[in-house]
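Assemble the whole structure, with the sequences as input and the hints as a guide.
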Amino acid sequence: MTYNEVTGTRHPLRMWAEPETVDPQAMQQLRNVANLEWVHGVAVMPDVHHGKGATVGSVIAMKDAVSPAAVGVDIGCGMTAVKTTYKSSQLPDNLAYLRGKLEQAVPVGFGHHKRPVNPGNVHGMRTSGWAEFWKDFDELAPAVHARRERAEVQMGTLGGGNHFLEVCADDEGVVWVVLHSGSRNIGKELAEHHIGVARGLSHNQGLVDRDLAVFLGRTPEMDAYRRDLFWAQDYARRNRALMMGLVCDVLRRHLPNITFEQPISCHHNYVAEERYDGVDVLVTRKGAIRAGSGDLGIIPGSMATGTYIVKGLGNSLAFNSASHGAGRKMSRTRAKKTFTVKDLEEQTRGVECRKDSGVVDEIPGAYKDLESVMAAQTDLVQVVAHLRQLVCIKG
1 MTYNEVTGTR HPLRMWAEPE TVDPQAMQQL RNVANLEWVH GVAVMPDVHH GKGATVGSVI
61 AMKDAVSPAA VGVDIGCGMT AVKTTYKSSQ LPDNLAYLRG KLEQAVPVGF GHHKRPVNPG
121 NVHGMRTSGW AEFWKDFDEL APAVHARRER AEVQMGTLGG GNHFLEVCAD DEGVVWVVLH
181 SGSRNIGKEL AEHHIGVARG LSHNQGLVDR DLAVFLGRTP EMDAYRRDLF WAQDYARRNR
241 ALMMGLVCDV LRRHLPNITF EQPISCHHNY VAEERYDGVD VLVTRKGAIR AGSGDLGIIP
301 GSMATGTYIV KGLGNSLAFN SASHGAGRKM SRTRAKKTFT VKDLEEQTRG VECRKDSGVV
361 DEIPGAYKDL ESVMAAQTDL VQVVAHLRQL VCIKG
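Under our numbering, the sequence shown has 67 at position 67, and the numbering climbs by one with no breaks.
These are calculated hints, taken from the structure and not from any lab test.
All C-beta atoms in this analysis are idealised placements derived from N, C-alpha and C, irrespective of residue type, glycine included.
Possibly wrong hints are sitting among the right ones.
With a Cα cut of at most 35 angstroms, we get these calculated DSBU-like pairs of lysine-lysine [what the hints assert, rightly or not]:
| no. | residue 1 | residue 2 |
| --- | --- | --- |
| 1 | Lys114 | Lys188 |
| 2 | Lys188 | Lys87 |
| 3 | Lys336 | Lys135 |
| 4 | Lys355 | Lys337 |
| 5 | Lys311 | Lys63 |
| 6 | Lys188 | Lys355 |
| 7 | Lys87 | Lys337 |
| 8 | Lys188 | Lys337 |
| 9 | Lys135 | Lys188 |
| 10 | Lys114 | Lys311 |
| 11 | Lys83 | Lys101 |
| 12 | Lys114 | Lys87 |
| 13 | Lys101 | Lys135 |
| 14 | Lys83 | Lys342 |
Taking CB as the label site, the calculated pair distances span [as the list claims (entries may be wrong)]:
| no. | residue 1 | residue 2 | range |
| --- | --- | --- | --- |
| 15 | Gly206 | Arg148 | 35 to 41 angstroms |
| 16 | Thr2 | Gly292 | 33 to 39 angstroms |
| 17 | Lys87 | Asn118 | 29 to 35 angstroms |
| 18 | Gly292 | Ala141 | 28 to 34 angstroms |
Below, the structure is given as structure tokens:
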């Protein structure tokens with residue numbers, strides 16, 4: 001589709017969604033951010049919905065400023081996918097057994113490893129840079145220094161909510177592994193610390209929405225945030241890489257002669273330094289992936305509605321971005337009131353996954369239609385592969 005331009009704010013909103021279909025709370029959030037003096041432009045993805053602090057599905061370019069709430073509290077949250085040489089017809093009949101082995105290898109929910117995982121013990125993992133990465137922990141905000149041990153045992157874990165680990169098959173029957181996770185509790189604590197700092201700064205006191213407090217360039221607060229932000233984004237990247245390594249080791253043990261292609265990986269809650277219209281900007285993508293020309297990305301639906309592997313088309317009007325998924329159409333609370341375990345069983349029929357009250361809030365019916373979201377961004381991405389879930393693991 002061609003984007004819709006919504007005016008009436010300091011900077012127009014370029015929307016790859018029909019404005020009248022967007023939740024009024026989300027639209028107000030978007031208008032608030034578009035009125036900030038530091039903003040260079042705002043692009044809105046088709047999976048847009050109201051979020052805590054800032055809108056999910058928003059791409060915000062700022063000149064010499066950044067809003068930590070526009071990144072979100074799960075800094076570096078994103079996706080990794082790996083194509084295998086296996087066909088779905090080669091998988092064992094008992095996928096519940098395979099799911100159990102994967103859950104043993106990758107802790108979910110509030111779970112963590114009993115001791116830190118040594119990357120050197122995971123097949124194919126790169127070990128370079130890990131010592132330097134953990135050494136940099138001591139340079140993070142003092143508020144999180146007591147969390148190092150927890151951060152170490154959570155490295156290589158999935159978490160809960162909408163995070164997932166899946167075994168999928170594409171339309172040709174080729175097996176893929178897909179996972180979604182971020183920087184775990186350490187990223188959340190760093191984000192909350194810096195959002196609190198930003199709210200207290202004098203230049204943020206007159207904002208309509210204090211959640212949109214910003215850090216300004218060339219200030220100690222901005223320097224501290226950027227240091228912690230980029231460390232947390234690296235944590236998230238390493239977390240997904242370690243999990244994928246653990247998963248592939250399980251599959252090697254249980255699926256004879258399986259091999260794996262190079263992983264595709266992308267953040268969808270993060271900050272990047274980019275240049276548009278001849279201006280250097282800090283781009284925050286909260287619920288959006290980078291879709292520069294040729295960039296490979298991953299756009300999932302829900303527990304049983306498939307996932308798309310895509311290639312970016314480099315649309316600068318969208319700040320080289322695309323949606324990060326289908327996007328929720330109802331809150332977790334409303335989903336729990338609307339759907340039952342029986343509904344979950346019906347909507348996830350044919351997928352080996354949890355079918356209990358603990359994941360009803362993640363039921364496919366709580367999400368937007370993935371096909372409609374994809375149809376709205378044909379000028380942002382090209383489809384490379386379509387995957388369907390065979391096994392889905394949630395915390």
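Hints violated by the structure (listed by number, smallest first) = Numbers 2, 3, 7, 10, 16 - these are the hints that the structure violates, sorted from lowest upward.
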